[in-house]
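Assemble the complex: chain A is given as a structure, and chains B and C must be docked to it using the hints.
Residue numbers (our numbering), protein chains in the order written: chain A, 76 to 391; chain B, 181 to 474; chain C, 18 to 556.
It should be emphasised that the hints constitute simulated quantities derived from the structure, not laboratory data.
Check each hint, because a few of them may be wrong.
Taking CB as the label site, the calculated pair distances span [unchecked claim]:
{"id": "1", "chain 1": "C", "residue 1": "Lys240", "chain 2": "A", "residue 2": "Phe140", "range": "30 to 40 Å"}
{"id": "2", "chain 1": "B", "residue 1": "Asp232", "chain 2": "A", "residue 2": "Thr246", "range": "48 to 58 Å"}
{"id": "3", "chain 1": "B", "residue 1": "Pro223", "chain 2": "A", "residue 2": "Gln284", "range": "48 to 58 Å"}
{"id": "4", "chain 1": "B", "residue 1": "Pro223", "chain 2": "C", "residue 2": "Asp350", "range": "27 to 37 Å"}
{"id": "5", "chain 1": "C", "residue 1": "Gly59", "chain 2": "A", "residue 2": "Val146", "range": "50 to 60 Å"}
{"id": "6", "chain 1": "B", "residue 1": "Leu207", "chain 2": "A", "residue 2": "Gly374", "range": "37 to 47 Å"}
{"id": "7", "chain 1": "B", "residue 1": "Val214", "chain 2": "A", "residue 2": "Lys294", "range": "46 to 56 Å"}
{"id": "8", "chain 1": "A", "residue 1": "Arg292", "chain 2": "B", "residue 2": "Trp206", "range": "51 to 61 Å"}
{"id": "9", "chain 1": "A", "residue 1": "Leu370", "chain 2": "B", "residue 2": "Arg304", "range": "18 to 28 Å"}
{"id": "10", "chain 1": "B", "residue 1": "Asp232", "chain 2": "C", "residue 2": "Thr486", "range": "34 to 44 Å"}
Note that beta-carbon positions come from the ideal geometry of N, C-alpha and C, so glycine has one too.
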Amino acid sequence: MKAAAGKVAQLLVVMFLVSLGTFSLTSLMPGDPAVAILGDNQSPEAYAELRDKLGLNEPLVERYFTWLGHVFQGDLGTSMVPPNEDVTSLIGSAFAVSIELAVLALVVALVVSIPLAMISARRPDGLLDRAASATTFGIMSVPSFVSGLVLIALLVNQLHLFPRVGWVGVTDGLGQNLYHAALPVITIALLEIPTFTRVLRGDLVRTLQEDFVLSARAKGMPAWRIMIFDAFRPSSYSLITVLGLSLAQLIGSTVIVETLFSLPGMGRLVVSSASQGNITVIQGAVLVIAACYVLINAGVDLMYSVIDPRIRRVGA
Amino acid sequence: MSAPETAALAPTARPGRRRRIDLLLWLCGAWLAVLILAAITAPVLGLQEAQDAAKTLLEPVYQPPSLGSAHPLGTNALGLDMLSRIIYGARVSMAVSISAVLIGTFVGGTLGVVAGYLRGTVDRIIGTLTNTLLAVPALILLIALATVLRPSALNMALALSLVAIPGMIRVTRANTLAFAQREFVTVAQALGAGRARIVFRELMPNVLLSVVPLCLVYVSALIVAEASLSFLGIGLRPPQPTWGNMIGEGLNGKMEDYPHLVYVPAAVLFLTVFSFNLLGERMRKRWDKREVSL
Amino acid sequence: MRKIRLLPVGVAATVAALVMMGCSNTTAPASVKADPLKVENGPFGMTAASGDPVSGGSLTFGYGGGIASFDPASQQYSGTSGGDEARAVYGTLTEYDTKAGKYVPSMADSISANDDFTEWTVVLRDGVEFTDGTPYDADAVLFNFDRMAKSGAGFSGLWASVVKKAVAKDAKTVVITLKQKWADFPYLLSQAPGMIASPKAVKDEGESYQREPVGAGPFMLDKWTPGQNLVLKANPDYWDGKPYLDSLTFQTITTGDQALKDAFQAGGIQGSLIGTPAIVKDYIQPSSGYSGYVRMTNTGSMLLINNGTPSRPDTPGKDINVREAIASAINTDVINQRAFDGNAFPGTGIFSAESQWANDKPTFTYDAEAAKKHLADAKGFDGKIELLYPSAQAEAALTIEAQLEAVGFKVDAKPVQSITDLINAVLIKRDYDLAMYGWPVPDEPGELYTSYLERFGRKDNQLGYYNETIAKALSDFAAADDTAEKAAQMATIQAEWAETVPAVPYNTTAQMVVWNKNVHDIEVSSRLTLDFSKAWISK
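This is chain A alone, in the form it adopts within the complex (with noise of 0.2 Å):
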């Protein structure tokens, strides 16, 4: 209990810490929301006026506690540049979207490497397993922006398959949704198998070399019947882990992709804001970024030490 408690504490401090690192590299921004508002076509006057509306000449440190006041009643404030939304509701949309963008990367990635991590540990160092340890390494090693590149094209420029950008939200049809998430989804998802695979395989070929697989074998069970049913539960709590890191990595972080396709995910939601100088949206945004963060890890942690038999006779 008193252990809880103190993760809670930690979790509360870095959640603090990540929103003063944030106000202060803010306002240390060239953006400017003045002239994103104003424009070209103004007098300087105006400029330093809107700019003492704004309240961007009262102290960083006043300006820090003012907003932090107004996060404890949950109030993240409005968009300092027009259309002046709920800094609130324009992070629920962007979060809808890396979310989606996320867990749709990870199910790919999923459908893809875990038959390739079976196929794989079937015969370790096979043709099969060194085919897809080249394969993975590969892609591994091309950066998303080169891989986005290379699928829009030849997916979208050459076959036509897929639209190059916009977003359509799944309220509006889940195929449409689908059909607009599909490229960066498979982008983001390039970059998961590897890992994915990887860690997969390592622990299927530690597993089917324990007791119970053997005996399993032994006994004339096919082999496709022990990997599925046997070694596949047991050796998936790395894997377990490493999902949940991704998860927690994707969100905020698939700026690259985003900007790639003009996705309205959270990575572009800050990048966009920060060069505007709209402090109230990148304060609020990465916030809750952290706050996922911090969140799914400390879910993951949790489970990992419940489930995984391995940590337990670490500890014992």
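Below, chains B and C alone, put in the same frame as chain A:
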């Protein structure tokens, strides 16, 4: 971009099987050796102009690669030589990434060893700092830093090292926990060695040696990160050649007409990242075996 | 058994894929370049539709930007930034007839001036209502004028410097008295000041009005996700009849013209706005299968020279010799080749060759020897000069840097990350030596006058340059209604410009609105804003 997962790499199933010469490893090593050598000796290689467009006003622009010509890998929009830009770009990309990893390893390693050895409050404080750094996605952190800092190679290395630090802290801390139980540490303690001595003389060398493979993987990850920033237009500024800048030059419709603007730097980037990854992985396997035989 | 090595195969395959991606894209654009296509102002590719307009369908336009706020009081819309969206919702009191080259009433019934163009009378139509049912009358118009004048943003500055007062003569007549003679005043009413919002909605909604506009234009707001897309639906009670289109969508695509082009070809959008010269030249060809409208703008790309502003009184550019040296050092053909792949429209005059104001007065010519001589004449100048440029235009900037250094300047080229920063340095702080900046100004007299007035026609401007002759010519241009008279004033400005070198134009830019061939009757007005009220899609 996610932090590299070294712990996740597959173990060697049947040790001792790869007794033959690993051709690919040698190819990768050779590629890196040639690249690094070329990068170091770039000024004396007699390369064409890489950076100063004032000197290339008479050179052809957008020349496609042609091995026999004066510009074997072609030229860009300003008539700058692509081969020369690749090599000078390697200078920047490698210098920045490698120094970032060195900084990250030193700072992260020290903090990790200290945390792992001292435990208690120090461990908790360092742990909180690590979590704070990890809680902000690396690319967002880099973008924020890149817009604030003046884009120089040194600042870029410092910013990138922040990406490597939390991972390094975690791994070195875990390794320290393992090493701290070992005889040489307990013996040193019994002989009355001070904490600082144990941390810096006994633990650090061992722990740092054990993270060398991770360092290689980080180098490749940071090369990609640096290229990503340049690609987004917020890394080192043109005309300073970096691989990301070069790939970025091919965007906005130019890639269609002049594909070499993109695929030359992209191929070089791929080969380099691949080589570092492979080197790291093979080294880790060798290491694992040694661990087993200990 | 000999093992097949798979990793090398994988590497080879990936490299091959990269190479393939390059090669597979090599369509042959060479023919386009060998035969440079003339790009002219005006419509292109328009084909007469077979049959009468049909109702129904929805149209999607893709833009790099998008509307920021629907409150016309605080905005300076244009076709490149929110003008189309706002115009669809509000309509405009007047519009620019690009074919006739004059301003005509649109939402207003008529607009007329007294003899010396200092008093303008706007008469509204009978029975027009906002979509909330309130009347579109003189009170509503004055309410909007008043809000705009007090907003401190948008057109308020210009409005205050030009308009003395506006009063209602009766329920549907507004009389506007100007502080100066201005024959093209209706230009202002074709822009945000002529977009009239429902006073009731503005009062009721307060802060959120900018997100939930109520106008009397051909379309009304259906759904808006700022930064993503905006969906408008037809206004069934539009005074000129319900639009043919059921709905109109504006899709935001922020990744550049290439992405817009890709989306166009993939069918995600049916219309767009393009500024990249290569794509403009591609689309304007009859074989492209698109129609649309091209607008060549004057002074599209400028090398601004600080002539001495309060924040930098000792800037090198205060010496005419330095300015002359810069003007002679620039070779626009080389910039075109290196930065725009030979697809741009180089020129050093204020007006593009296509412009109706083009004249035979001297422009700047490249002459390296003359540049060196001018530089030698600049006493006490060490050659060091700073050049600000937007990082997206690195190639043009580096070419300019190279050309200046070739004649003896020592250039410190400083990229700025965002346009915001450039605006900050040049326009607000006025703290720069040289800056690459865009001043795209069309031939249209109203916009031309207001743009140049702000930039060099008034004292205390971003160039730190003031010239009586130019200021007078500009105000005479505004006062004149006669095209020949206006052209003469512009010739005076060009001559004086070449003499005093306030800044160096190096490229004309083209702006293109383009749509599929089966889309008809989109009208183009001031600042490239489009009118979709009569647009329709043939089956």
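Any hints from earlier that this structure breaks? Give me their numbers in increasing order, please.
-> 8
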